[in-house]
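Position chain B relative to chain A; hints supplied.
Chains as they are written, first to last, in the numbering used here: chain A, 34 to 505; chain B, 9 to 259.
Treat the hints with care, since some could be wrong.
If you anchor each label on the Cβ, the simulated ranges turn out as follows [claimed, not checked]:
hint: 1; chain 1: A; residue 1: His417; chain 2: B; residue 2: Arg149; range: 25 to 33 angstroms
hint: 2; chain 1: A; residue 1: Thr207; chain 2: B; residue 2: Glu153; range: 51 to 59 angstroms
hint: 3; chain 1: B; residue 1: Glu255; chain 2: A; residue 2: Leu424; range: 56 to 64 angstroms
hint: 4; chain 1: A; residue 1: Gln103; chain 2: B; residue 2: Tyr95; range: 51 to 59 angstroms
hint: 5; chain 1: A; residue 1: Tyr373; chain 2: B; residue 2: Asp188; range: 46 to 54 angstroms
hint: 6; chain 1: A; residue 1: Ser416; chain 2: B; residue 2: Tyr213; range: 38 to 46 angstroms
hint: 7; chain 1: A; residue 1: Thr207; chain 2: B; residue 2: Ser156; range: 52 to 60 angstroms
hint: 8; chain 1: A; residue 1: Thr207; chain 2: B; residue 2: Arg116; range: 42 to 50 angstroms
hint: 9; chain 1: B; residue 1: Glu153; chain 2: A; residue 2: Asn321; range: 30 to 38 angstroms
Since the hints were made in silico from the structure, they are not lab data.
Just so you know, even glycine gets a beta-carbon here, dropped at the ideal spot from N, CA and C.
Letter by letter, the chains look like this.
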Amino acid sequence: MSDHLTQQILDLDELLIHQFKENKELISAFDIPKVSALREKHIKDFVEKGFPDSSQENWRFTEVESILDQSFIHDLQPLLSNNNIEELFRCEVHNFDTEIISLLNGWYQGDDGSMHTSPEGVVYGSLRTAMKTYPELVDKYYGEIAHCMNNSFVSLNTAMVQDGVFIYVPDGVTFSKTLQIIKIIDRNENVFIQNRNLIILGRNSQLNLMHCDDSINHSTSLVNTVTEIFVGENAHFELYKLQNLNDMSGLINSTFIKQEANSTIKTNTLTFNCGMIRNNIEVALDGNGAHADVFGLYLMDKKQHVDNQIRILHNQPHCTSNELFKGILDDEASAVFNGYIYVARDAQKTNAYQNNNNIQLKPHATIHTMPFLEIYADDVKCSHGATIGQLDQEAMFYLRSRGISKANARLLLLYAFSADIIKHISIEALKTRIDDMVKKRLRGELSICEKCVLHCGSPEKEYHFEIDMSKI
Amino acid sequence: MLLNIKNLHVSIDGKEIIRGLNLGVNKGEVHAIMGPNGTGKSTLAAAITGRDGYDVTEGEIWFKGKNIIELSAEERANEGIFLSFQYPVEIPGVSMTNFLRTALNAQREYHGKPPVPAGEFLKMMEEKKNLVEIHSKLANRSVNEGFSGGEKKKNEIFQMAMLQPTLAILDETDSGLDIDALKVVAKGVNQLRSDENAFVIITHYQRLLDYIVPDFVHVLFDGKIVKTGGKNLALELEERGYEWIKEQHLA
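So here's chain B without its partners, still in its complex pose:
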């Protein structure tokens, strides 16, 4: 199993947000995690990617056969975990080129490989840009600075394409996207799907799942996965809302 989360408990400032969550993801699978606001979806993403301040008080996160709880955010990234941010951060003064080259070389160094040659890197940038239909010259632009909402999300997928993670977590990638951008993003993700990687798609709405079809849909409520089903569960949630889940769970 690629990712195996066992009885995970996560607190922020002493307040428990994730309360005993279990999730298993195999290579080649796409999992959607849905649920009402404030149930811990983004907290789960932060806990998997090792964000400071998200204290795992109990449980284990196994990735590629390794418990990664003690690993830093950068180590987890270099192990092959990628997070597409709900709100990508603007970093003035850091060019996309430097940023990606630094990231890529960090990953290569982690795996004992030499830095990527400049020519190869540039070629790769051009190639992957096309994947998400980014037409502008990225090289000299600062990371996300002045990017529109759609460009920022495309940029996340572009970075994912560059870093080629084994596990990609997409946190509300559909939020703030118009339908055209959504299609572009979904198309990019679908092209990156393979038998060797897996996706965890965190979303509030079913919309994105029309384009990225999940193998499993989980409903997160009250810090736990309370229901798991196939892709039809997303449609059902779209139709019926989350109230019935809450009622079932609280009953």
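Pulled out of the complex, with its shape left as it was, chain A reads as follows:
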């Protein structure tokens, strides 16, 4: 059995296809029939298409080839880690009541073959266990909204994925804590990881989820995550994605959300560090009166690259969406924002707002921002805007003329720019923590490899900002 791909002769896609064919039984060992059938369908698709490349319109500004050009190990079984797992995943966010789900190198930790049930009745555990304990739910929802349009990474994921997180919030249940998925890569070899998450919220339910992608060493990792989220009628869902991987690593994150009538969601994608990140977020407003807030903040430097592909589908009337992404690009970093809004023919009274603002700190930083609206209804309000600017020199002088140093004036302005996104974090303790992280990141002090993103620095030590930002 070959679960390591270290050969250099074949390209990565060919190796993966080969690995799939050789190890089909192992890969699908925990499957329900639907999942196996989807594998077959999607491997065909992947064989046909291979990895995307920058000749494709949707990948034009994201040169994914360079990362794929490296050799990777694609594990088919979890490896035992030498590190203390509890230490790795210890959450040190103060006053932040979370239930932690941990994945190490893509494998669910502590999977004992049963699901956890919170006192309120929220069920969570590994996807492979869910297929055994909740086969009817997995069968009903799995693969229903994830699609591989312009993104064969989803095909590859559907074909080869073996683990991930399953969360089920039954009707009427509110999870009082925040559920936190911490994904850590700790591997001394280049590793390619597939993860699959399935999240189901019943009617009138509520869930706050935090999803942290971190790497703790300096090896190259490539993570390909597909998350499907079903938000039932009148349910409320919040998703905070923290992305903090090392400069060599790549992250392909495809999130599909389907909303029923009068449901509300809020997603906040906070990208602090990573060599190459592609966030595909698709929100389908499939029920009357649903609302989606889709926010994002990216702070990139060196040669990092972030690509946010956002698709908001107004399929039903009376839905509203509010999309705001802001980014600061330093050095030779690059960013892509592609905001697509679709309004179906019958989706009257749609109100969709989209905005993307960027600050380009250095002349070699690049930003491609593309709003794209496709509207088939006539009674709609849609607005969009995109800006790319430098630091406001008038404001800089104003601050400096009051005695504030150039460095601090710059920080104040960059922080103020970011605060627009931070203020939308509704979990107070998390907001404070993110606030600190942004300040650290802007000062170039956020270390990417000190364990998980939430452990950054020493939380016991009170963090002192050069400018006193503390509220008084």
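Quick look at chain B alone, frame taken from chain A:
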């Protein structure tokens, strides 16, 4: 002498705007600088406060016995120079509280003092707000964001009261103000006047000088001070305009 400007030449993008200006200001004095548009009044303010892009090609600016030409804008501010902007800048996301506390602490650090305690700072804010009759809650508002024209100018004087400069330059503070706001601003300035500080008031019109009475009035023309007089010169300019000055100067 608090401020002593000698033979100042200032260029913007290679174009000379100030051409050999001399000005001396002592503590306790109020100087008005008047003149037609485009003669270099705002350029002078920018050059004194150290704005980037205003190149001093010749001459010296002495402040408290120090030539400040080489100092950065923030160093000059911390030395005690304040500029009330003609167009105060809106800075969304930066609260007035954070802004002023940062500024005040920067100044204190510059002078080797510890940061201002939070309670003391808040008390000071309340006290100084009253000086310019700002009634709204400033603390959580972003700097100048959504402020009316009058509020912005009051906010400048409020900041001045907080930072207690030795030299305050008021650049067209009267522009865009209605008479009531003008009176409030003038009242604030008059209360801040002392034997230990000085004011340079840049204005196009005599109106503000009815309320802030200057000791000296200078006329700036063609990048130089071409005439200096007492407060009556402002009245004369109001009556006769600037044409006669131009003619005199060009003759």
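Going down the list of hints, with the structure as the test:
1. His417/A with Arg149/B: 25 to 33 angstroms: Hint holds: Cβ distance 28 angstroms, inside 25 to 33 angstroms.
2. Thr207/A with Glu153/B: 51 to 59 angstroms: The hint (51 to 59 angstroms, Cβ to Cβ) is violated, given that Thr207/A and Glu153/B are roughly 36 angstroms apart.
3. Glu255/B with Leu424/A: 56 to 64 angstroms: At 45 angstroms between Cβs, range violated.
4. Gln103/A with Tyr95/B: 51 to 59 angstroms: 53 angstroms Cβ-Cβ, so the 51 to 59 angstroms window holds.
5. Tyr373/A with Asp188/B: 46 to 54 angstroms: With a Cβ separation near 51 angstroms, Tyr373/A and Asp188/B satisfy 46 to 54 angstroms, so the hint holds.
6. Ser416/A with Tyr213/B: 38 to 46 angstroms: Taking Cβ atoms as reference, Ser416/A and Tyr213/B lie about 42 angstroms apart, which means the hint holds.
7. Thr207/A with Ser156/B: 52 to 60 angstroms: violated, 44 angstroms
8. Thr207/A with Arg116/B: 42 to 50 angstroms: Holds, since Thr207/A and Arg116/B (Cβ atoms, about 48 angstroms apart) stay within the stated range.
9. Glu153/B with Asn321/A: 30 to 38 angstroms: holds, 36 angstroms
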